[in-house]
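*Asks:* Those protein sequences? They're chains A and B, same order as listed. Sequential numbering of the first sequence, starting at 517, is according to this note's numbering. Sequential numbering of the second sequence, starting at 3, is according to this note's numbering.
These are calculated hints, taken from the structure and not from any lab test. These numbers come from a predicted model, not from an experiment. Nothing false has been slipped in among the hints.
Label-pair ranges, simulated between beta-carbon atoms:
(1) A:551 - B:276: 30 to 38 Å
(2) B:469 - A:551: 28 to 36 Å
(3) B:537 - A:551: 52 to 60 Å
All C-beta atoms, glycine included, are put in the ideal place defined by N, C-alpha and C.
Each chain is listed here by its residues.
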Amino acid sequence: MPDMISVTIKLFAQYREGKFKIDKRFYAKDSTISDVLEDIGLDLGKFPIGVLMVNGRHVEEDFVLQDEQMLAIFPKVGGG
Amino acid sequence: MADKVYRVNMSNLSYKIEEVPANWMGLGGRGLTSTVIAEEVDPECHPLGPNNKMVFAPGLLSGTTAANSGRNSLGTKSPLTGGIKESNVGGTMAGIMAKLGVKALIIEGIPEDDSTFYHLHVTKDKVLIEAVPELVGKDNFFVLDAMEEKYNKKVAVMTIGRPGEMKMLISNISVRDPKGKLRSHGRGGVGAVMGSKKIKCITVDAENYKEVTYADSVKFKEASKVFTKALQENPISGEGLPAFGTNVLVNIINEAGGLPSHNFRTGNSENAEAICGETMAENIKERGGSTTHGCHAGCVIQCSQTYNDEEGNYLTSGFEYEMIWAFGANFGISNLDQIAKIDALMDDLGVDAIETGVTFGVAADTDLIDFGDGAEAYRILKEEVANGTPIGRIIGGAAGNLGKLYGLVRVPVVKNQSIPAYEPRAIKGQGITYVTTPMGADHTAGYAVATNILNSGGHIDPLQKEGQVALSRNLQIASAAVDSTGMCIFVAFPALDDPKCLPALIDMINARFGINLSADDVTNLGVNILKTEHEFNLKAGLTSADDRIPEFMKYETLPPTNAIWDFTNEEIDEFWNF
Ligand code: SF4
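So that you can see chain B by itself, here it is in the shape it has in the complex (with noise of 0.2 Å):
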């Protein structure tokens, strides 16, 4: 049977089933999402109020047997950066949507009566709406024990925490991975539109799912024999993100002098080897626990990982270098347990590690908190934040609010939303991302790091102005492109590196569906997805003033480079002309 659109109404607790319209046909995950948040949403909405919206969709090829294809897009107008919002998460919500025929599901409205919580259940022929006043109040593992009580140990689960019910800009929406953790979709205060629909939890039946099918099954299994060699062959994806994890990225910024410290005074940190990936490989190897663990079923590339304490008792997973970053460098903790610490609390409470960890950095130019006081800052999640006490409410407000609150000019933002652990200064391409994405400061709207750091698709000098517009424009197409076939954001390198890598993952779209995708159709697809979110943000009443980065980095250097943002507006402006 074909896929289906399943949209909730939460304004009179009703659902239809409808038809894919023609020209959502062709797209999925990004693409799709963007469409439908372009096409419904009026761009002037309040992002909590009535008529924003929440679109689920799986990507191209989610569901399939190709490797790394379980990414899930949640698009929405951000009340973050008041623009609109891609985020995608692995875990198994993508493959089950998919595999259940659930081209997207869309929520609107809110419920008139906002006193409780509401799960939704969504299986082939329906969607059951239920109030769960017992889930009110509860956190992330809560819900999922819940979930998995109720149905089985394999059922799709997304859910809020205490801080996404409460609106905070700072929670994300935490989904269900393979082994019962979880993955977020991360940035922009999704979590908060989710709660603005009193939208506690969503499932979805993995029980009666048929496999997907394939318009040449022949075709491809071939195109992704050839995709996997080349996710496996590749010395990152094939070696070093699999024994280290994306935490291995701390030295080499470091080195480079990008490495964000003390909220973006320096670029580089004395904690940095205390809280590298090396130091975390070996603490992983003394103390038990996994350097490989898959976000997904189907990843082979397997970046996660589980992190122990001293006594051999599990800390975390999933222990990422933003979070290391943000919390380590940024905040200033040099013990990477008490950091692995708070990721398990922030994932239990469904907050972000980008937005916290930075509003923590600009919290410690207050006198809220001294840097690199981690007790404190747990504390704080802990106690203050999941309550709503008002100084959690403070930092729940995400760091460009904070900022406002104290007066401070050093606020590491675009479009208010927090700078990620790559500083614009010294890494140049990196924040031309930053500053011209459409979901305001984010390192995966476009990955400059590679080539102007990691050697990844040639190298261009971080620290020169000189084809960093083209390098982030290009990089911007390709990652929307392939944030519409589920793939994770690891594909890109062998991507760039090995010519056979994007020809097998286009080949595997036109084996899924019977089609004949150029490799300009895919670019083309990117440019318009790009081109979308763009105009959808000139509607919302964004401007080219907010394509720009924070001021102080434009008079102030940057140790030990010494590098500046010197980058001008025209400079900047050029991005769109494409």
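Pulled out of the complex, with its shape left as it was, chain A reads as follows (with noise of 0.2 Å):
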């Protein structure tokens, strides 16, 4: 699949909720992390997105993919 990137993907606190921890997934060279959310389905009216880490680091949703990355998605959270 030379077209092709695999991203590994994790979710966190309510966006576990019916899907999964984390799984690694594969999609169209170039596609950005809104992509990503969209093929996942996460409920983002009730639970906006909150962080965005592609390893360990801050990105935006117009963060261009590369292949083998890690994606962390969290809705917002907090503590202390």
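Hints given; two lone chains; assemble the complex.
*Replies:* This is how it looks when you write it as structure tokens:
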């Protein structure tokens, strides 16, 4: 699959409900995080995106994913 | 009747009920405790000697119907840091003190006869001071039971366990919550100060108070509604905290490489999934228990919980991120139930989750204990610490002293106080708070994690230095002001992101007292508190050389981000230019 990339996706907090904790998925080259979000089908109306990280660094939804990256998706969470 | 200052002198076991001086009138919570300590305590005094004082003060809004307003502040000179301390807590004490008209309870002196401990009972018109030999050598839940039996189930109670009696630096003052569980005045070894004054417990009469009055109750109600709505509609305070508690942080801090693990060797932990808030919530669902519990009446966030074992038997409550991080990631216990058991024991003994957990992390670098050995940590607490054996004293002396005794370099403390659950190298704004706050390493003093990691109040890259000093300063000023209102720290999340939240908070204060504070006045209050505290520390002998991170963090990189602490002294000291 030369034009595909593999992305490891990790979900947290409410996003795990009925979904998964961790999953490896394949996407077309140049896919953004928005494309991934659409693919997973999270309930963003109820739980808006809080933080997105790729390989541990904060990114935005328009971030273009590369092969073998690790995407972590968090709803708004806090504590202290 | 106007509020009064209740002053107890333990040297001759007497008390006075005084008018509130004019310059204390508009103050509450931290603003009041730090003002009193600065005015009345010699900064050079020995924290455990006769010249130190303890000041308890409810927040400006405590006792009102305002949501989340039940925090009580304690001010003193800390035996751990040698500087000023303010420590605030939920529980029922703040509301009851405020309704009784206790603006502040000031305790000074030390009894000449130190052969026993005393119980103080505060009522509207007197303070009873009574020797309680039958409570000496007992721990917190025993004291709670005894007080409930003596008075009633509503009585407000503060108590110390055996470690507090023995003046250990890991000891807290524990406070009864509405369900008869405990919350703590944590950090700084404040339990030792109460122990030095030979006070075993303090109760406040909950039967004869009057509801607080409002200068403008209609306006108060309106503002209170807006405020409550802001708390409930915010996704963090309204959804995340009730569902997962503060422990939801394990995964996100781990993902960012900022979860101190193996005594601050790495920024992520192999135990994260086993100990995280999601796992905890699943366990609670399966085993019964409850994810929502308020540490005081009127909390609409309810971040606390009750946690059961596999058989459905109660293990602990108020099972917080800091505790789970300290024992799970930093000391390496991978079993959440074992951490819960230690948590319950520590509640009973009245020892600080962060200080004790970090001390075990440092101890794991010696031959005292191995990383992850939860059974041995439990045993040491139960047998050695509780009984004050030499090993117990070594652990009870906290991380900084343990490091010195064993000649260790990797000792994660600032001003001798243990660094909490966010790695300063990888979350640099939080690191600036640790080094600059007058409290010693304290995460609540200016929670830069919000903006560095959680995208609350915008985003500032946690690994870059730019903007962190200003961020930490603004947060510390705001926190000092909020700590004066009696509000819990989690009000910060809606306050950072919802423009209606802070004005509503100020409107409530104005309507309660019939005054006209502006947002600027509130900022000034925060500024004044910080400066007062800083000045006290300078007079106590602390200098800018104490506003520094442990040196190993300057030359050791932290996996997985490989960050180091790279602020210059000048960059840090810039903090105080305001
Ligand atoms: S949100 Fe948590 S800490 Fe704050 S008042 Fe409620 S239970 Fe206590």
